[in-house]
Amino acid sequence: MQEQQEQDVLVSISIFRKADRAKILRKIYNQRYLYIMLLPAMICISVFSYLPIFGWVMAVTDYQVGKSMWKAPFVGLKHFKEFFLDSGDAIGVIRNTLVMNVSSLVLGLFFALVFAILLKEVKSKYLQKSVQSLTFLPYFMSWVILYAVVYSLFSVSSGAINETLMALNIISEPINLLGDPKLSWALIIGVNIWNSLGYNSVIFISSIAGIPNEEYEAAVIDGAGRWAKIRYITIPHMIPTLMVLLIMNTGWLLNSGLDQFFIFTNTLNIETMEVFDYYIYRYGMKLFDYSYATAVSMIKTGVSIVLLIIVNKVVKKNSGRGLF
Amino acid sequence: MLKVFAVKKRVMKIVVSLALATTIFSGCAQGAAGTDTTAAVSEEDDVYTIQILTDPQSVVKLSTDTAIGKVIKEKFNIVFEYIPTTGDQKEKQNLMLSSGDYPEIMRLEGDDMVKKYIEAGAVICLDDYIAESEYFADRFAEQIPYWKVASPDGKVYKWEINMPQDYDVNPEVNDIGVRTDALEAQGWPNLVSEDDWFNFLKTAMEQYPTTNGEKTVGMVIPLAESWGPSLTTEFIEKGGITNDQGTNDAVLWNQVEQKWEAAFTNEDFIQNLRFFNRLYLAGILDPDSFTDTLDQCRAKVASGRALSMWYITWEISGANTELAAAGNEDMQYVNMPIRSNTQEESGLMRQIRVETTRPFDSVVITNNCKDPDRLFELIDWIMSDEGQILLQSGIEGEQYNIVDGKRVPTDEYLEKISSDPTYSELVGFSGALSLLGTCKQKGDDGIAYNLSLDPNYMDELFLSERQKEAYKALGWENSKSYWLETGEIALTGLASTCSLDTNSDEAKINEKFMAWRVTAGTKLITAESEDQFEVILAELMEEYNNMDVQKVVDKYNEILAANKANLETMK
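Protein chains in written order, with numbering that gives the first Met the number 0: chain A, 0 to 323; chain B, 0 to 570.
The shape of chain B in the complex, shown without the other chains (with noise of 0.2 Å):
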């Protein structure tokens, strides 16, 4: 009996730590498997199935489940299986770097990321692929020169993912969302002014105290997000002499002199923040927006609670679906532009930027890639007019159809591109396979190769009836005519081909600067009164002198000088 019991005991012990070593183990190997990004080539029928990084909604799990897909399986049997992915991108690209598990073919944000990787031996050189390429060399024929200059050795490994671009291909200019009803109240004015935009605000507080019950909020904005506190600051973007480069960093680019200056001492950079006092000190700056991510400003907006919001406006045509729904069509948004005071009686035209090059939308081929010759074949023929009309306008006879040698969407379209959440994924045009390359560009035929981008079907598809009406009692002709007429392109030629060696003093000075910009626009925003504004601007005055910026700046120009000899060499 005790030896029937010794054993049965041994045998207990050996299963339980078999058990507790399989648990560790399989834990182990199961993380591994998940992290797989080798292709696998089916003998069976030589299809190349590669993996490729997306958004983690996703619906679609490959590329031949979407319409657009299945044509490139026929095409050139080659299969995307979808993995998708959270948090930061740029901490990720930089894990993956540092581990060597990166996939085949992934985006890379900024020239920075971009010069890590070709450092590193991570990605494939494409001279070889450009120089037989049909159709890639044509397409990117501008910006090959500055991808060059941009280039540690002067060598092309990337494309761009957006480029190139036609101005008026949806201009890109996010001011403020409003809500229409507000402006309903007040008369439809045509705001531009902070001035104007402070009186109007504070009339429309007063007007709508609360809002389906629940205090109403003047303006949203999610300065709990990284880039939220850079939004503070926007004014630089909005005039006519300066642009905004999407950064944090301790300059920003001049357009007229073409140049690059500090940040912190331009008059509309401080101006901003003076607005934002103003709107703090008023009440009507959400207080909840230092602690607010994009999706609390979402809640706000989409239920209309927010009178407005500060530069988020692709949140517009989500809230206006969702007010639609819970039959508040009246409260929908619209966009309208802001200058400051100095900027609008300057009467300067505005600087939309039109990008040369895009480095925040990089895409590359990696070293892990099992037949970048195949890949590449791909790519070259998706920068075809017949390839970027596949990538995103569709089938012919589903997505559209043709008419006079030019594109019209189909009815299908007209209905589904803006009711159905999960039309655009099941056809191919949005997520993972943006990836192998977009043009904001017009197709041969003078349509925009995206139909939901070009100016003659963009407000038909996408603006409800409210907004068309708001737009028409404010007299303008389409969502975008303000910009159109008061704007002008500003290229941004080699603005974005300047980045900082990472490892440098210069670097260290701009890393600080970003840090500090942040606490720094807090205290200007959060000032007790307009004399305390000041007080505190002094200071901080005193503290950006004691760190030197200057070097970056100088370094900054010192780069353009030399991109700038560079690119003629490479043209």
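Looking at chain A on its own, in the form it has when it is part of the complex (with noise of 0.2 Å):
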């Protein structure tokens, strides 16, 4: 009897897990060209992002190029130590990267924010279009042009900027922006605040845009003012997209993009300038050790991985939302 039940069961179950099956299976097939539609990227991805990471076995091994990386010999941690301890380079390189990167990310997202609250109360929808779309512009322009932008700005020798203050006889010596270590974080952080206004400000925008009108209504009844409206209505209602633009770009914050840093770094400000993609590119590509900078770059994945981990855990036992 006890053994017919216990069968019994197994049958329910098992009927129940062909049951699941099916419903699933049938679920992926009312959606099949989604899936389909998804699938280019899926590979994308896979191939570009997930299959490179075998390649860390580089990490711990000696890796002659030419040969199989598989069939390197296996040396631990030695290249992780030879970072941390042996170069004196882990220090420099960790502060450039988090000091040009949280500064950019955080003034990059106030200014965005800032100029998205003043764009919307332009009156002229035309001006807001058109001021919009101009400050959208740097951030198609690739680096070698803003370079040059730049460099025609504030060379020392012909920059139009320097040239100028110098014939105003506001400054007695050209200023070396593009040299001088001292000036090299204010020089990226301002860049890429330029660079990334627009991008950043399209995002608060469409959030200012979904703000219902009768709270603005409401205010205006209430004898609300301008300030006070921006103050009490548009500001708290861009908090979670603040938030979730915080939080993904926390996962980044590792991330400088080697073609600003390649353009940008020269023999006088390398000190200052140096971070974790140039340092990963300069040793892997020019100096061909390609064991050691895996290891390196391994070092960024991870610490992007515990950093966004705890940032979405920060935001979201404060405000209640969070990424996952």
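Note that these hints are calculated values from the structure, not bench results. Backbone N, C-alpha and C define an ideal beta-carbon position, used for all residues, glycine too. Treat the hints with caution; some may be incorrect.
[As the list claims (entries may be wrong)] Calculated pairs, BS3-like style, for lysine-lysine (alpha carbon to alpha carbon, straight line, at most 27 Å):
1. K26(A) to K8(B)
2. K507(B) to K80(A)
3. K181(A) to K511(B)
4. K60(B) to K369(B)
5. K369(B) to K66(A)
6. K8(B) to K22(A)
7. K369(B) to K91(B)
8. K114(B) to K154(B)
9. K89(B) to K285(A)
10. K285(A) to K511(B)
11. K285(A) to K550(B)
12. K66(A) to K511(B)
13. K154(B) to K70(A)
14. K507(B) to K91(B)
15. K511(B) to K550(B)
[As the list claims (entries may be wrong)] Short derived list, chain A residues pointing at chain B, Cβ under 7 Å:
16. Y32
17. V64
18. G65
19. S154
20. V155
21. T266
22. M284
Grab the two chains, each in its own frame, and use the hints to assemble them into the complex.
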């Protein structure tokens, strides 16, 4: 009897599982076109983001170019130790990366928020759209063009800004913005804000567009002025968007973008400009120490993931909203 | 109606999905096709087409678009297809090796790169081919033992471009390119010592505060280039003892004692940085030098804005052409010597580097080659007198004629070689075909294979009237007089066969030094005063001593001793 009951239960579970499986398959079939559309993106991510992770094996071996990385001699944590203890570069690289990226992120979002709010207050739609389009332009320029613009303005011997300021006797010596290590952080942060202002403000503008008009009307009825409306309606509605952007960008805090630093770094400012991406490029591609460069890039990835988790937890705790 | 709409919607979904998938996969296929380096042997007429990497600015796509390439096709039925490449060549060579995607014949920069390719089994051993060769073994009789010594297994896997070399066929001397109007304004001084140059440039800056409405700069140097910082210590090649091996390594070559020594503790090394500091403090050194690439320096030189250029004297020819076109012939540049004060006072003969081997321009046949026998047949013939004359002098009757048994350039050659930028390419002189192996020597008739480099023709071909006037006023017989009179041959010998194992501790120290040297040099050059220079130098010396660089020097000398012992057995 008991045996029969057990058998009935097992059959039920099996039927249940089969039913679940059939349900899932039916769902997939019904949404097949969506999955097909998703397939190319999944393949791209798998091939270009996940497959290369197998290359991390180089970080624990002494990989030699031209030979199989699976047959390279195992060296354990030698390269990680070298970065943190022997090279003397770890502190400088981490410092430069965090200072420039955190400042660019925080100030970039702040200025984008303010810009979006100010743009919203502009009455003329035409002017609003024009300004928005113009501020978006730098985002599409390559760093090579951006550098050429900055060079033409700030070059020591022939920069337009330097020549104008010297002609007006505002300065007696040209400002070496491109070379002075004391100014390199300000340069990168300023360029990043300029570059991303349009892009970040679009997200805030769309967030503002989602605020119900009734709230503003109600505020007007209650006698709220422009500043009060901004302070008590606009800004609170933008906070969630700000939090989401902050969390999303935290994962990229250690990613600086090689092309920007490749262009802007030179022998004068390298001590304050060398970030993780440039350091990995220098050791990997210039000095051909692939194992060491892989180890450093793994450190960067690991720390980025930890930062993302921490920030998400903190924001979730404080505001109740998180990315995951 | 709804059914029709539903069908249309379904069709749209399928079409969009397929379009997305097609875009992705066709992009991948395009990329794969672009890097296909397999040879095409046409079955129709047995033409062997080989892809070779070349300069992106090349106007030629196939070797048969050139006069020389046509002759090669007639004789050997081999055609070269030019694939333009940009960027750092050494980086590309590493990437190609790691992906296994390299052409059949390629140039490799340095013996360390050649070793990597050999150890990966990517290149073909040439020993058997050399044993049966008609011309190759004779042409490189001196080089082959050195190549064997540098090779990990004592076998030959390569040959080199611009080898062998004759001393007087365009000796490589890159000192300072200087504006001739500035020289004329100060009475054509024969500048040599660093003090001569400092005083000259200081006066010239006062005489020419602006050039064509722009602020004049005293001296340009492309320090933003990856090889830029190594130029700041070139005094090491201008004395009579040491020589530059063209690297940023922790060691330099003592030509007199035939041994390696530490670079940073060398007097000339530091003195050069001291000289640049003087220029920096006096406002002579262009402040943009630290951020300028070669292109930016070229622009300043081509406009005449720079009174002088350090080391990059190969830009003189292009700059002078631009200045002539702008009507500023009087501003054209000439190459003049510089030595440190100590070197000038010593009276020692300058060591003019003549390479015994030139690993920088190594050429190999890779294991992707479909028919190495056929390719080597061409290479062997190229090493003959006839082959070299074709490759470097061109076609008889078109580029040269034979007069009294010697090659004499034709009027067409004389007219076009310096004035028509595409002439060299269309004949086949410049660019990719040099991969086959150009020898910087004189032919059997006593004239340099490359007519442009022959001492009898070089100045006539490439010096402008203004430059000839300048050298005459300076009392020089030709543009290389000073160096030929005050220099002596410095064969590189075994120096270029020495390289470190990239996985060794010494290589790691050397790597660290190379990165440190860049910032150290910049700190010294930008010191705020001569006193501060010495303070910074003392601090840097302490950092340097902590790096244990002596290990690298000792290792290099150990390798040198081993190679010297091996050389005798290889000969």
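* Satisfaction of hint between K66(A) and K369(B), Cα-Cα up to 27 Å -> The hint holds at about 22 Å.
* To do: Under 7 Å, Cβ to Cβ, is where S154(A) needs to be relative to chain B, so tell me if that hint holds or is violated.
  => Hint holds; S154(A) Cβ to chain B Cβ min 6 Å, cut 7 Å.
* Is the straight-line distance between the alpha-carbon of K285(A) and that of K511(B) 27 Å or less? -> Since the Cα atoms of K285(A) and K511(B) sit roughly 13 Å apart, the hinted pair holds (cutoff 27 Å).
* Restraint check for K154(B) with K70(A), where alpha carbons must lie at most 27 Å apart -> This hinted pair holds, its Cα atoms lying about 25 Å apart.
* At a threshold of 7 Å, is the proposed contact between V64(A) and chain B supported by beta-carbon distances? -> At 5 Å from the nearest chain B Cβ, V64(A) passes the 7 Å test, so the hint holds.
* **Hint status (Cβ of G65(A) to nearest Cβ of chain B, threshold 7 Å)** => Since chain B brings a Cβ to about 3 Å from G65(A), closer than 7 Å, the hint holds.
* Asked: Does K507(B) pair with K91(B) here, judged by a C-alpha cut-off of 27 Å?
  -> holds, 22 Å
* Agreement of K511(B) and K550(B) with the hint, judged by alpha carbon distance not exceeding 27 Å -> The given pair, whose Cα atoms are some 13 Å apart, holds under the 27 Å limit.
* Restraint check for K26(A) with K8(B), where alpha carbons must lie at most 27 Å apart -> holds, 19 Å
* Asked: Quick one, is the T266(A) hint okay against chain B at 7 Å, beta carbons?
  -> Check passed: Cβ of T266(A) comes within 4 Å of chain B, closer than 7 Å.
* Asked: For the pair supplied as a hint, K66(A) and K511(B), is the alpha-carbon distance within the 27 Å limit?
  -> holds, 25 Å
* Does K80(A) lie within 27 Å of K507(B) when you go C-alpha to C-alpha? -> Satisfied, since the Cα-Cα distance of roughly 14 Å is no more than 27 Å.
Hint compliance for this structure: no hint is broken.
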